[in-house]
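Assemble chain Z onto chain B, guided by the hints.
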Amino acid sequence: MIFRNRKIQTLSIPGLLVFFVFLLSSTIKIQAQTIDLLLKGGHVIDPKNKIDSKMDVAISDGKILQVALDIPAKNAKKVINVDGMYVTPGLIDMHVHAFYGTDQGSYIANGWDALPPDGFTFRAGVTTVVDAGSAGWRNFRDFKKQTIDRSQVRVLAFLNISGTGMYGRYEEQDVNEMNPVMVSYMINRLFPEILVGVKSAHYWGGDFTSVDKAVEAGNLANVPVMVDLGEHHPPLSIEDLFLKHLRPGDIWTHTYANAPQDREVPVDENGKVKPFIFEAQKRGIIFDVGHGGGAFFFNQAVPAIQQGFIVDVISSDLHTGSMNSGMKDMTNLLSKFMAMGLSVQDVILRATWNPAKVIKRPDLGNLSPGTVADVSVFSLRKGDFGFLDVRGNKLEGNQKLESELTIRGGKIVWNLNGLGSPDWNAKR
Amino acid sequence: MNINCLFPVNHALNILLNIRAVCFVVFFHCIFSSDLQAQEIDILLKGGHVIDPKNNIDAIMDVAVANGKILKVAPNISESNARQVVNASGLYVTPGLIDIHTHVFVGSKDGFADGFSSLSPDDFTFRAGITTVVDAGTSGWRNFPVFKKNVIDRSQTRVLAFLNIAGSGMTGFPSEEDINDMDSHMTSLVIKQYPDIIVGVKIGHYRGSEWTPFDRALEAGKIADVPLLVECHLPLLPLEDILGRMRPGDIYTHSFCTAADRTCILDEQGKIRPCVLEARKKGVLFDVGHGGAMFHFSVALPALKQRLLPDSFGSDLHRFSMNSGMKSMLDIMSKYLNMGMSIEDIIFRATWNPATFVKRPDLGNLSEGSDADIAVLNVRKGNFGFIDTGGNRMEGDRKLEAELTIRGGKVVWDLNGIAARKQFIK
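In order, the protein sequences belong to chains B and Z.
Residue numbers for the first sequence follow our numbering, so the first one is 1 and each next one is one higher.
Residue numbers for the second sequence follow our numbering, so the first one is 1001 and each next one is one higher.
Wrong hints could be hidden among the right ones.
[As the list claims (entries may be wrong)] Computed from the model, here is a short list of chain B residues facing chain Z with C-beta under 10 Å:
#1 F122
#2 T147
#3 M323
#4 M338
#5 D389
#6 G410
#7 W414
#8 L416
#9 N425
[Claimed, not checked] In silico DSS-like cross-links for lysine-lysine, where the CA-CA straight-line distance does not exceed 25 Å:
#10 Z:K1192 with B:K145
#11 Z:K1109 with B:K382
#12 B:K382 with Z:K1426
#13 B:K40 with B:K382
[What the hints assert, rightly or not] Footprint (simulated), chain Z over chain B, 3 or more residues, beta carbon under 8 Å:
#14 108-119
#15 269-282
#16 382-388
Quick caveat, the hints were computed from the structure, so don't treat them as lab data.
All values reported here derive from a predicted model rather than from experimental measurement.
Glycine included, C-beta positions come from ideal geometry on N, C-alpha and C.
Same shape as in the complex, but just chain B:
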């Protein structure tokens, strides 16, 4: 809208002249378009555009200019050779807790258990994080001011159905604080560019109140709902949740957690995936990892994957309690899924285009020309590696992704080995 207004203003006579000159220069540009950064010779994986081959990626003015074979280097200000590496859209971590703060009474909202996101993202190829309901409608503005507006990484968020978000476990039980109307106002009218959904979490009331209120808000705002089902005694039926309470497009997180006494799990005691899980996936329920410090078990994930029940989105549940555990960061997590049998293409899909679609942000998670140049470059290390789940069980693997280069909005924000940097002694 703003841009359109500007164009109208420039349609005065001098404006027309400017426009003419612009037209001329732009035709010259088409032949000799200036490229700010050209990534040469990498293996591009861009699931949205069905690209999975050796290609060059040209970046100009912070946007993707072109993805093609053999783009000439002569029009590029800077060329980086990424031969032997994977080039992908910047990763989207759809489940983090980034509402860091110093409120001593708080758990995650403005609290110590959340993390400032820039330290954990770029070094793992992540350019967008989605906060999973750390804030509610009452304290979202603080989150925005304190973290979102100050971060280099793009921070989007699910708004908690609880007014104060994840301030405290007890506050999260207050059903009177679950206000679908306020939540939908916040999402639709105030911050539609940041808020992508509603979160229901940590509720232990023994019924679906929190989920249903979140879905009500989701309907009002036309956004998906992400559910951490909490703990209920006896546990609630997840078959009911998937088939009766949630809508297609809604998200179940902590998929491979394993505490059946508190929350029903998809894989039964005999290691079989429950049949309704496949039905739920067919219905359009989205399954998210949300690894965290306590929600990922090999004895759920491995049989699930072997039987064809694979999550739609791989996410970290980054917070203080997960950062130094078996989770570590997104590259470690994606590599863990590769150790369980997924291909590089499988894991990249689940950390780029899949989450972009789930949160209805088709402008993200792809390398289409014209989109913001959020790009990740990975090398694939070979060797003997180990991966841990939350109970300290180890799975061996022989490859591991390493984040070489991360580009956010056309700017290099992480460069592990100084790719493309001049030699320190060059002038001597």
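Positioned in the frame of chain B, the structure of chain Z alone reads:
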């Protein structure tokens, strides 16, 4: 040792006085002596190459950890009494690393003190083998209690601190220019109030030409008997005079850079300036303090060739350095490894050396009885690149990686699950 010696003497007296005590002592003695034969080890690191500069150990040894302390460092410690055995062969086992230059007074305000430009230590330390950080004067005497409550008391990493001579620490311009808020008496009082945490004074940012701030910092250091860290964003104070005023044991940081706000330690011909050599002879220490703008190969390499080695590898970790050429202190150590320093020399300057100059001889070593803060490091081979803060690259073929970090006897980082108890077979 003292406790063990006194213990039997005390109880020998009790034996004469009380038969019940005799029974107790005999009973206790049974347990104790069986413990000696079958001392329980919580974690046994087997077969690693131990580098413990304080104790002059540089050999394949086992390290036994019990009750959060180092129990023993010796060849071939029996596995039979160990609850957990970790195979560390092919890896280096060192004291937990000490990063003496960080900014970790993280909070929600703008800037460094209680601010968003500082970082939470645990986010960056354990994954780099670091178990102790020293905050470089992000707080001053007025807001140190807030720093302690918000960060130090809540961190798993051991956080020590230099106290800024500016009363509220790094609050930015212009409040850091306020000479009236640089109180050597109050600063020394707060240092003495927290002797277990505060290890020194810092003078950092001052744009004026007066020596008062510097002298007050020095004065606070004298009263409290602690070293002074000179961060040297002091554009109008000449290097020669700064180094001249520093005492033996005081620390100069951001040593190897060409930043515009100071005189470089090298002259125009690339020679170390005489005043730097003199200061070095006097006992002034030189820290890296890499940061986002304070380390250049064009200074560090010639300095190293002229045998000016950094005494410590302070990272100057903060929001604007974390994703730059700096990355972590381990990355700085890898730079020096590829610049030609030996691994033994590097570990010394990342453990025992900084421990001594912050007067904490309980840290940075693996002596029996000390806190079990341990780093297990891997030297990766391959083609690597390292960048300085000018964006210039140096190639290298080795890179340090933290495989396992133990803090107070607890595994706090395990990169590849070498300390995993169970293997999951698909």
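Those earlier numbered hints the structure runs against, lowest number first:
4, 6, 10, 11, 15
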